[in-house]
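Here the protein sequences come in this chain order: A and B.
All residue numbers for the first sequence refer to the working numbering, where the first residue is 3 and numbers rise by one.
All residue numbers for the second sequence refer to the working numbering, where the first residue is 3 and numbers rise by one.
Treat the hints as calculated values from the structure; they're not laboratory data.
If you want the footprint, here are the derived chain A segments under chain B, 3+ residues with CB under 8 angstroms:
#1 76 to 89
#2 172 to 185
#3 414 to 428
Partial list, computed: chain A residues near chain B (C-beta under 8 angstroms):
#4 Q5
#5 K7
#6 E12
#7 L148
Ideal Cβ placement from N, Cα and C applies to all residues, glycine included.
There are 2 protein chains.
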Amino acid sequence: MKQYKYFLQEKDMPTHWYNVTADMKNPPPPYLHPATLNIMTPEDLAPVFPSACIEQEASREQFIEIPEEVQEIYRLWRPSPLFRAHRWEKALDTPAKIYYKWEGVSAAGSHKPNTAVAQAYYGKQDGLEGFATETGAGQWGSALSLAGQMFGLKIKVFMVAISYQQKPYRRIMMETWGGEVVASPSTQTHAGRAILEQDPDSPGSLGIAIGEALEYAMTHDGYKYALGSVVNFVLIHQTIIGLEARKQMEMAGDYPDIVIGCAGGGSNAAGLIYPFMKDKLTGDKPNLRALFVESTACPSMTRGRYAYDWGDTAKTGPVTMMHTVGHGFIPAPVHAGGLRYHGMAPTVSALLDQGFAEARAYHQIEALEAAHSFAASEGTIVAPETAHAVKATYDEAMACKESGEAKVILFNASGHGHFDLAAYDAYHRHALLDYRLEEAKLQEALKTLPKIS
Amino acid sequence: MKQYKYFLQEKDMPTHWYNVTADMKNPPPPYLHPATLNIMTPEDLAPVFPSACIEQEASREQFIEIPEEVQEIYRLWRPSPLFRAHRWEKALDTPAKIYYKWEGVSAAGSHKPNTAVAQAYYGKQDGLEGFATETGAGQWGSALSLAGQMFGLKIKVFMVAISYQQKPYRRIMMETWGGEVVASPSTQTHAGRAILEQDPDSPGSLGIAIGEALEYAMTHDGYKYALGSVVNFVLIHQTIIGLEARKQMEMAGDYPDIVIGCAGGGSNAAGLIYPFMKDKLTGDKPNLRALFVESTACPSMTRGRYAYDWGDTAKTGPVTMMHTVGHGFIPAPVHAGGLRYHGMAPTVSALLDQGFAEARAYHQIEALEAAHSFAASEGTIVAPETAHAVKATYDEAMACKESGEAKVILFNASGHGHFDLAAYDAYHRHALLDYRLEEAKLQEALKTLPKIS
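Please model the complete structure; the sequences and the hints are all you need to start from.
Spelled out as structure tokens, the structure:
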């Protein structure tokens, strides 16, 4: 009898997160202060993030204990199931064995609550009243609102105005969990008012929303700022995905040859990949392939520069060494809103630079085509971001068909597409555009990088 | 350590469905022919449903084997998890132990695929090319499109025009699984054209859509009609829910005092309840309470008559003995579209009539209020239909708080509310109406019942 799913019981849920920097011979270089460009100290970050998160950011500990209160909330949906895609394998007629970890089972519908819950807990420990944050399409705002609800914290979400108007369901979801959502630019911050004075009908942008959220957090007692990707403490929290998957792959009697995740800031991909990357870094599995998949509309890993850059357009966050297309870059409006960040997580960038990881870019038409094929076989309709990982898996499976190799492929199904069906509709109607960044625009954007000697 | 979820492994998934009529001393009386009102024969149903379904409808076998091909598809999401609502219990400060079976994990988002997959398989066995069906809000159409995709059958869905316009996401979901969706009334059937001639802007209704689907199935070679609730073969397929839940309650070391489900046609409630009802019918658990929960907008069980009535407004389907408010009744536009059917499943009706089951009605404001409280504690945002079961659970838990009894309550969380967030938005904005059927309207509707001596 074919087995389709591998369930881990709650008592077997990992109790520690994994920190990849412990096993890196050359961890990423330090953050620089956004104004002075001098090396940034933990004290510099103190007004922004919960203290435990700042400690984790600087930590070189290999394993970090998950607080019992965080484990309790995780158990509302974790351990998440690992699937074997038997029907898709058959449809593709591939000898490859395809597994996927399904993070769409969280109430918010993606992997994002894995870190939102941790940040909310640590914020509560710091005695915070609440968090401010930004959200684009709404995945991160939903996750943080859920987490805030669980720990009795107020969550203020600055949602990019155009998404606020076009995606009311995500807003309602946040409000259902007690989040307070305002369209950004808003009249509630200096930064927002300045934009609105110039353009009262501004559609907003993630850069503007980040600026508003940071300003709100800095100017309101008891508030800090919550971030959904890129920094290492977020990636650490996400490793619960891969740590569970390791145990589930053992249940299945397999070990992956290739581990795949879609990467905007890098957190879901790293969350799945790092606990396997450990075996590669320590030499146990030198041939393991780790594949980070991005959008051709925002190709930081495949066409960007590995350099120091600001993390946000307002230049208020740390300057980090990363693969970037330049913080001044404004990507095309692809449906995969989570793949529109100009930079990549510093640890992912370092591992790419050091040859431990691979990167690949796809445009959204081919990504949705693969996701459609996946839905036809497996039922599950994944988010447009996840569709990029599905496409990479498809290509690897087809390569196996060509070569006759029965490779074991594992990808992260990071979220469901229930609020992104407009992308599938556009695909069905042949109305999707295959956004690929033009070279001239890339060169223009790269000029916004800081000059650092 | 508190356990939140009980996972059953695939190898422990039940291999047989349960048929409650085997244990009823007085099963429901036979169907009558819609035109002659004489007793209906299986032959009369042959043009409408797959042959195996017609056999099951007449069967008095206690257990019916689930075909291996159906089990295979079930395994894409089944066994579904059973949850203990620890956080909600704490929030309500109740000594009650609250469990819920979570059917929102299917790709279509509800329990509906449990029967859609079976009907599609049996249709394939009959050599069908496809099925025609109707859908209101889209749950059933989604489930059947998914099932059709899995067995290579064409699915033609007549979707109530107003929903087609207002709920594009459900349409896209059906199309993603290969379903062909048309707004009803359509120009593709005689019935649809007749309506459009009178009213080119008709918003449609479930009654009209059923008429179109039946006509399409009857007039197209290789097509039959698929039904999502009410008839006993559908309820039989849904018992996989309760059969799994029995095993999971054993894992939890509990047996329910009260089993609860929301009921429009009755299929999800019966699916959970019947495998426990078995113990009540055979005398093992005489005190078990079985609670079917409906909407005050369409109170067939609590205020309707137990009488023979047509199942559809066009009077083309069987005439069945059931609790009904009259087939001519048009309910108020509550958000719980699945609770707007005028009748109740014949077996549920008979069990109510014989005192084995209880019924209760709630209006949508109190239902959404309970669902909001549930989402705040558990995270999960349930469908507006499910919200009615949540409200009944809430009231039973509060009664336990009053009496100090630690009763075990189990309810069916039949589906997620991702496509119904407008209901939550209306609730937040205090814009929901507490539709309760007026007595005069009920009496008017009851006049449409057939005169049977």
